[in-house]
Structure formats: C-alpha cells, structure tokens
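S.K.: Sequences are here, hints too, so could you generate the full structure?
Protein chains: 2
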Amino acid sequence: MASAATDLIFRPTEGQDALSLAEGAYRRLRDAIVRGELAAGTKISERGLALTLGISAQPVREALRRLEADGMVLTQPRSGTIVAEFGPDRLAEMGRIRAALEGSAAALAAERADDAALALMDAQLAVMREATAAADTVRLAAANERFHALVHAAAGNAFLLRSLTSLRAYDHFNRVRALESTPKELPKALAEHEGLLKAFRKRDPELAEERMRAHVLRSLRAGGVLKNGKK
Amino acid sequence: MASAATDLIFRPTEGQDALSLAEGAYRRLRDAIVRGELAAGTKISERGLALTLGISAQPVREALRRLEADGMVLTQPRSGTIVAEFGPDRLAEMGRIRAALEGSAAALAAERADDAALALMDAQLAVMREATAAADTVRLAAANERFHALVHAAAGNAFLLRSLTSLRAYDHFNRVRALESTPKELPKALAEHEGLLKAFRKRDPELAEERMRAHVLRSLRAGGVLKNGKK
DNA sequence: GATTGCCAACTGCTATAGCAGTTGTCCATG
DNA sequence: CATGGACAACTGCTATAGCAGTTGGCAATC
Numbered sequence: 119m120a121s122a123a124t125d126l127i128f129r130p131t132e133g134q135d136a137l138s139l140a141e142g143a144y145r146r147l148r149d150a151i152v153r154g155e156l157a158a159g160t161k162i163s164e165r166g167l168a169l170t171l172g173i174s175a176q177p178v179r180e181a182l183r184r185l186e187a188d189g190m191v192l193t194q195p196r197s198g199t200i201v202a203e204f205g206p207d208r209l210a211e212m213g214r215i216r217a218a219l220e221g222s223a224a225a226l227a228a229e230r231a232d233d234a235a236l237a238l239m240d241a242q243l244a245v246m247r248e249a250t251a252a253a254d255t256v257r258l259a260a261a262n263e264r265f266h267a268l269v270h271a272a273a274g275n276a277f278l279l280r281s282l283t284s285l286r287a288y289d290h291f292n293r294v295r296a297l298e299s300t301p302k303e304l305p306k307a308l309a310e311h312e313g314l315l316k317a318f319r320k321r322d323p324e325l326a327e328e329r330m331r332a333h334v335l336r337s338l339r340a341g342g343v344l345k346n347g348k349k
Numbered sequence: 119m120a121s122a123a124t125d126l127i128f129r130p131t132e133g134q135d136a137l138s139l140a141e142g143a144y145r146r147l148r149d150a151i152v153r154g155e156l157a158a159g160t161k162i163s164e165r166g167l168a169l170t171l172g173i174s175a176q177p178v179r180e181a182l183r184r185l186e187a188d189g190m191v192l193t194q195p196r197s198g199t200i201v202a203e204f205g206p207d208r209l210a211e212m213g214r215i216r217a218a219l220e221g222s223a224a225a226l227a228a229e230r231a232d233d234a235a236l237a238l239m240d241a242q243l244a245v246m247r248e249a250t251a252a253a254d255t256v257r258l259a260a261a262n263e264r265f266h267a268l269v270h271a272a273a274g275n276a277f278l279l280r281s282l283t284s285l286r287a288y289d290h291f292n293r294v295r296a297l298e299s300t301p302k303e304l305p306k307a308l309a310e311h312e313g314l315l316k317a318f319r320k321r322d323p324e325l326a327e328e329r330m331r332a333h334v335l336r337s338l339r340a341g342g343v344l345k346n347g348k349k
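For the protein sequence lines, the chains are A and B, in the order given.
Basically the numbering used here = 1-based index in the first sequence + 118.
Basically the numbering used here = 1-based index in the second sequence + 118.
Just so you know, not all the hints are guaranteed correct.
Identical chains blur together in the list; that is why a pair holds if it fits in one copy or across any two.
[What the hints assert, rightly or not] In silico BS3-like pairs for lysine-lysine, Cα to Cα no more than 30 Å straight-line:
| hint | residue 1 | residue 2 |
| --- | --- | --- |
| 1 | K320 | K161 |
| 2 | K316 | K345 |
| 3 | K316 | K161 |
| 4 | K302 | K320 |
| 5 | K302 | K345 |
| 6 | K306 | K161 |
| 7 | K161 | K302 |
Hints in this document: simulated from the structure, not taken from any laboratory.
M.R.: Below, the structure is given as structure tokens:
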C-alpha cells in the first residue's frame, strides 16, 4: 500500500474528469431540472438523451433511475419517463425531510466525530465568522456547505450521506437567496453552527439532533421555503 | 380510457411475476443479505451473479447500484463489490434514521390523508385490536406493516416512500422478534397507533410526527435494536 | 360522424460483446 | 531468500443490437 504522502501526490484530479459517464449524466440532468431548464412534464427518452449527451443509453438509464429515486422524474414502465413537478409545496416537503435527516446525521456525528473532524468543522466556522462579519454571502454559503458536508462525513453512514446529497440538490437554486434575503439572519445562523459544534464536543446526540433540526428548519423559513407559521 | 370495472378485471397479477429482472434481482439479493446468507465482506461479481441468477449482467448491475444506495454493498470502481457489514450498531443507526423519516411521513400524512385513507388505516387498526387480544403476533406484524405502508402512501412523497421501503428491509429479521419478545408491549403499540390516527384526524403534523417518531423508537428499544438508555 | 381495429413508430428493458482499469500470481533478477 | 516487474485473469463500465410492451393516428366499418 502506498504511503499517505504518495496518496496526496497521486490523488486523481478532483474535478468532474474522473467521473463515470452515468454519474456525469446524473449530475447534469439533476442540475438542469433544478434550474428549470427541463420543465415539469417534459418527456425524456433514454435513447434521445443518450444521443444528445453523446454517450450510450446505458449510463443515461442509470442516471434516470437515480433521479427517479430522488423523486425528480417519473417512469412508467415500457411507456416513458417525464420530469416530475415540484412546486413550492413539494420543495417544502423535501426541506422538512432534509431537516429530519440532517438531524439524524448530527446525532451520529456527535457520537463519532473525532478530534480531526471537529477541528475541520472549527476551521469552517472560522471562515463563516469572517464571512459573516464581511457580509460575504457567497463565501458564507460555501463554508456553510462544507460544514454540513463535514457533519455528513462524520456521521459515517452511506445511506444518510447519499440521501442528504440528493436532498441538497432541491434547494440549490434558493440557497444563496436564503442567506441574502434577510441579512439579519446571518449572525443567527452563525450562532446556531457554533451551538452545533458545542453539542458535538459534548457528545450529546439528542442535543445535536435537535439543534441541527431547528437550524435547518429556521434556515428554510428564512428562505421562504417553509411558512412562518410552522413550529 | 377503460372504466373502473374493466380496470379491476384486467388488473395484472400482483405477484412477483410482472417484476422487472432488475427489481427481482434487487429484492432477492437484499433478502439474502439481511438473512445473513451473504456474509459481510463477500465479494460479488456482476457477471458471476448474473450467471447464477440466469439473467444478464445489466439488471444485476442495476440491482447492485440500488443496494449501494441502501448502504448494503460497497463498490470500488473497477475493482469489485462486497457486501457491507452491519453489526448491531449499524442496525441501530438505520433504526434511528427510520424513526426520523417515519416521523416526516406521519407529518405529511396528517396534512394530506383523505377520508378514504384514514378509513383504511382504521380498518388495519381493527385488525390489530383483534390480533392483540388474541396475541397473534404474526397477524399483528402484517397489519402493522400495512398500517405503516398506508401512512407512507398517504404522505405522497416518492423520495420518502422509496427511502422507507429501503430502510424497512434492515429490521426484517428482527421484526417479529420485537413483537414476541415482550408481550406486554403489544397493547402499548396498539395505543400508539390509535394515538397516531387521532393525530391524523386532528390534522396536526407536529403531533403526528412526534408520536410516530416516539413509536418507532420505542418499538426499536423493545426489539433490542436500540439501547434502553437513549431517550 | 362516431367507433373500432390495426399498424407503425415509439418507449423502457434486456442480452451480448468489448473496453479499460485493477489485482494477484509467477517468474526472472538482485 | 527477498524483490520487482510483467502478464493473465479478473473487475466494473460502456457500447451496440434487439426484444417486448405501449401509444397514437389512420383507415375501414357500423
């Protein structure tokens, strides 16, 4: 086995180069759907799409099956595949589900995150502090995403990681908007993240889960995805 | 469009006959894994498995990708696929995740379940009452499963339905055991289900979510999947 | 004109073949 | 004996071809 140093040196390019065709088609289609480039109800043909993407029909089919699992397309066997419609209510659904799963991830992270993982989260928190002070929403959003990704990784559950990655796509187009809409919310979000890290350090799964859940729900309300009336 | 009557007459066989080969392979493999017939670490080859099942490699591959999403197998690109190991701790994880998602489903069901769906749940509840009185654990488990399936359907969310179906496989082998272990728990579970239906009828998503979550967690503790110490 | 049957052009699904990495073994070499 | 390298036998991944249902329109019939 190679050493850690050589691992770092020969690490493959982390861009979208080394992706399998199926994975690439999945991401491309997913992004196109959440951006609204593919309207709801649009018929998708495995062959046609394969021709468009310049690849075979097999990877396209695999991508469509994943999108179906994500709830983004609907496939009628032997008949056809159409992109599902997700209006505001559907987005609210997915948001609430995400809040529940993020909570589960936080609970597991509280049990398992080692010092290295906690240090990485702390580093992202430092970035978020700076970005919050400078009102740099773009940088803040990036750090926020990395922070949550660290939590997902610390949870160490494949199913959870996969599910949360899928769910994250849903609020892709209103993520920045959520942070920009009410600048007063920025310090609040920062405080919530700090509270989360404290819960992790206390090894308190219940507390971490509840805090994460509340954090995501409040973030969704701030972005207008959820009604303010909901608890 | 055909009438409802002809729909009933010409409804295809609801057995496992009309399943696609990929779906069949998925279920077969999944069951084999949860039953322990395929030990953790066992290497799985797409070609080899296809030969064993008497089908092509493509459906097998599709099944393996789903199992990977479920966290049941681990695939190293261009190298190989092995069945993941899930000891008691992993089962506890999946159980807690399931509790969170069942809660989300219950919340959505409270908002959307129409009278017909509620009546169907009530019917299953009646069966559960009888089975509980007669201590018929097998019949009770079946009714219990149908009740939860009705909730999932009432939630009306494809992602949720798919995820919960996948998660349900994890506690397949200790489901009956959970109900048999402590007969005193049976009336408690029945009361919880009744409380759930009441929450649905009150259109109270928060209450339904919390009750469902508590119900699943308690059920897991009764089955020994979760430690008793956890709240 | 409304209706029924049929046929062609789809659709998703499966089988087969071959590509491109990975891995382990075996032999030549130090 | 230890070590390195090449080769063969894998692996997952992709491409192509063909099967089997579904669908929509067109023509023949009532």
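S.K.: Next step is simple, just say for each hint if it's right about the structure.
M.R.: Do the hints match the structure? See the list:
Taking the closest pair of Cα atoms, K320 and K161 never come within 30 Å of each other, the shortest separation being 51 Å inside a single copy and 39 Å across copies. With identical chains, the CA atoms of K316 and K345 are at most 30 Å apart both within one copy (29 Å) and between copies (24 Å). When the C-alpha separation of K316 and K161 is checked against a cutoff of 30 Å, the pair qualifies neither within a copy, at 48 Å, nor between copies, at 41 Å. When the C-alpha separation of K302 and K320 is checked against a cutoff of 30 Å, the pair qualifies only within one copy, where the shortest distance is 29 Å, while the shortest distance between copies is 36 Å.
Proximity of K302 and K345 under a CA criterion of 30 Å is satisfied intra-copy only: 18 Å inside one chain copy versus 42 Å between copies. Taking the closest pair of Cα atoms, K306 and K161 never come within 30 Å of each other, the shortest separation being 43 Å inside a single copy and 49 Å across copies. Taking the closest pair of Cα atoms, K161 and K302 never come within 30 Å of each other, the shortest separation being 43 Å inside a single copy and 54 Å across copies.
Checked against the numbered hints above, the structure breaks hints 1, 3, 6 and 7 and satisfies the rest.
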